[in-house]
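Residue numbers (this note's numbering), protein chains in the order written: chain V, 1 to 276; chain D, 277 to 555.
FYI, nobody ran anything at the bench for these hints, they're computed from the structure.
Just so you know, these numbers come straight off a predicted model, no measurement behind them.
The beta carbon of each residue, even a glycine, is placed where N, CA and C say it ideally should be.
Any given hint could be a false lead.
As the list claims (entries may be wrong) - Derived list of chain D stretches under chain V, where covered just means 3 residues or more per stretch with a C-beta under 8 Å from a C-beta of chain V:
no., region
1, 311 to 322
2, 357 to 364
Unchecked claim - Simulated pairs of lysine to aspartate or glutamate, DMTMM-like, Cα-Cα distance not exceeding 25 Å:
no., chain 1, residue 1, chain 2, residue 2
3, V, Lys-88, D, Glu-470
4, V, Lys-179, D, Asp-300
5, D, Lys-523, V, Asp-44
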Amino acid sequence: MSVETRRQLFPEEEKMPLAKYFYNYPVHMPNPLEMQIINGGPMDLEDAIKPENFLDLLKPEGYDKVELGYCMFPDGSGYVATYRVRPKEITGEMERWYRNWRNLKSKSMIPGHGNLRYKIWLPADHFDHYFVNWIDGSDGVFTTESLDLGEGDRQYNTIRHQYDLKDFGFTDDRLKELKDAGCQCNGKGSWESFDEPGSHLCLAYSRPCPGGVETRSREWIGWRPVNGKLVRDERTYCTEEYLKKVVIHTTIEWEHLYEFLPDLYREYHDQPEDAD
Amino acid sequence: MNCYKVPPLSEEEEKLPVARFYRDYPLYRPSPLQQQIIDQGPMNPEKAIRPTDWLSLLEADQTPEIVFGWCMLEDGSGYYIEYSVTPETIKPGMRRWYGTFYNRHSKNMPEGQGNLRYKIWNPMDHWDHRFVNGKDDSDGVWSLESLDIGKSGGGKNGVAAISHNINLREYGLTEEKEAELTKAGCRASACWEEFEGQPGHHLVLRFSRPSVYGSMENLNCEWMGYWAKDGRIIRDEETEVDETYIKNVLIHNCVERQHLFEVLPDLYEEYHDKPLDAD
């Protein structure tokens with residue numbers, strides 16, 4: 001099943017060579033097995049990692065009972081678990097390159113028109129993406145996107161901030177244990193603030209698996225890190241319907257990236273950073 | 277890693293060049309998403325495809341609500357459905373080639389120790405596999421395997437089965453429907469199985485179609501306690517089946533399917549143009 005909805009591009013964007021990546025790569029819903037899980041409704045609360053135990057995600061091997069799912073906690077905060085496999089033909093270098101490149105604007109992009117490099121990732125929802133300081137992610141990464149596959153919900157402006165896992169007791173020994181097992185973890189997590197009150201705590205890491213590299217990712221909606229402590233942010237909007245949208249949006253966007261990334265990388269990775 | 281510890285080969289088998297395909301490829305457990313569904317327990321039987329309606333699976337553009345799960349049906353028979361995606365690394369013809377390859381022993385395969393070419397596919401459970409008539413599958417295919425990922429002691433202690441191909445045209449697949457599926461790039465095959473030394477029958481339907489998620493997506497169903505004869509689907513109440521058995525079969529199938537995807541490209545590359553009895 002395809003996601004046919006696309007936000008309309010500006011005439012200036014239509015003229016850019018990059019626009020073909022917006023139009024020529026069909027976006028697909030999560031596969032039937034993933035949809036079976038998602039349509040099964042919220043997961044059991046007992047199978048979610050509690051916010052105070054969020055570092056439990058980071059283990060060298062093994063899985064949680066639920067790797068794809070969502071639920072509300074009794075205090076009104078939320079939990080999202082997503083799982084993806086980057087196929088062997090997509091290299092780590094390709095993904096790292098895109099994660100940086102999507103924050104840079106090309107020479108003909110017009111302020112206020114968003115970022116076509118980000119729009120191609122999920123044409124139904126994505127609008128803008130850039131480094132807050134226009135240099136790197138150290139001061140945060142700004143994003144504008146909707147989460148409902150273009151069905152009419154509003155777009156959220158988000159800033160993604162980094163935090164250090166060491167501030168929460170994650171030791172060098174644990175980091176070494178992960179790295180020795182082949183895991184990719186930089187010792188950082190992220191959290192999001194929005195254009196309305198609210199916070200999301202995020203954590204993800206990757207490791208080799210059959211067929212490629214897997215990423216185990218979690219989001220605790222309604223929590224944020226402050227000076228080495230997790231703080232509940234009760235102003236954060238969260239419903240089961242919202243969480244389900246986040247799971248579907250996230251699953252779709254990563255699978256779609258792996259569809260077009262080899263072609264995009266081949267065409268753009270050795271062009272100037274501001275190439276259209 | 278998320279792997280099984282596979283049993284060692286015999287000294288004679290270790291000397292065969294093909295042994296490296298048994299030894300060097302880790303055998304992984306079901307994927308975490310498959311395991312997540314398995315851990316939830318049996319599916320709602322109301323969402324299972326009934327054996328009398330089995331050909332409803334054969335649709336190019338429709339997908340059952342439950343694509344992965346197992347349950348007992350109301351009449352005491354068993355059911356599972358298994359969804360999988362064949363990766364792009366599996367090229368057309370590879371699986372057909374392997375079907376011929378693993379049904380024949382190589383020239384120096386030791387007697388009485390099963391079939392190493394078949395063991396490669398699922399080292400925990402597989403023991404032996406051959407054409408009943410020694411040439412092709414027209415008289416059935418004999419196999420000896422366990423279905424519980426080694427829990428009962430491995431394939432040698434398993435149950436021998438003979439599978440018989442079914443011509444779906446004799447069971448209600450019309451010429452028009454068959455043409456429609458072929459035009460859409462779909463493939464359907466079916467068989468029924470009988471067992472040596474124990475009563476019972478299983479009915480198996482395999483359906484593949486082009487997929488946006490890989491080269492093909494596969495929907496396989498099995499009805500334990502049913503078979504096919506003279507154009508009719510027949511219930512066999514003597515078939516022993518319970519929830520644990522069906523669950524184990526589903527896990528066995530997930531594991532061996534993923535493992536074959538890992539091994540087959542290299543195995544094919546090395547052996548497809550060698551003599552059929554090459555070690």
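(request) Would you check the hint for D/Lys-523 and V/Asp-44, treating anything up to 25 Å between C-alpha atoms as holding? (result) Judged against 25 Å, a Cα distance of about 21 Å means the pair holds.
(message) Check the hint pairing V/Lys-179 with D/Asp-300 against an upper bound of 25 Å on the C-alpha distance.
(response) holds (23 Å)
(request) For the pair supplied as a hint, V/Lys-88 and D/Glu-470, confirm whether the alpha-carbon distance does not exceed 25 Å. (result) Judged against 25 Å, a Cα distance of about 40 Å means the pair is violated.
(request) Count residues of the region 357 to 364 of chain D with a Cβ under 8 Å from any Cβ of chain V, then say if the count reaches three. (result) holds (count 4)
(message) Cut-off 8 Å, C-beta pairs, minimum 3 residues; does the coverage of the region 311 to 322 of chain D by chain V stand?
(response) Satisfied; 5 residues make the cut.
Hint check: a violation occurs at hint 3 only; the rest are consistent with the structure.
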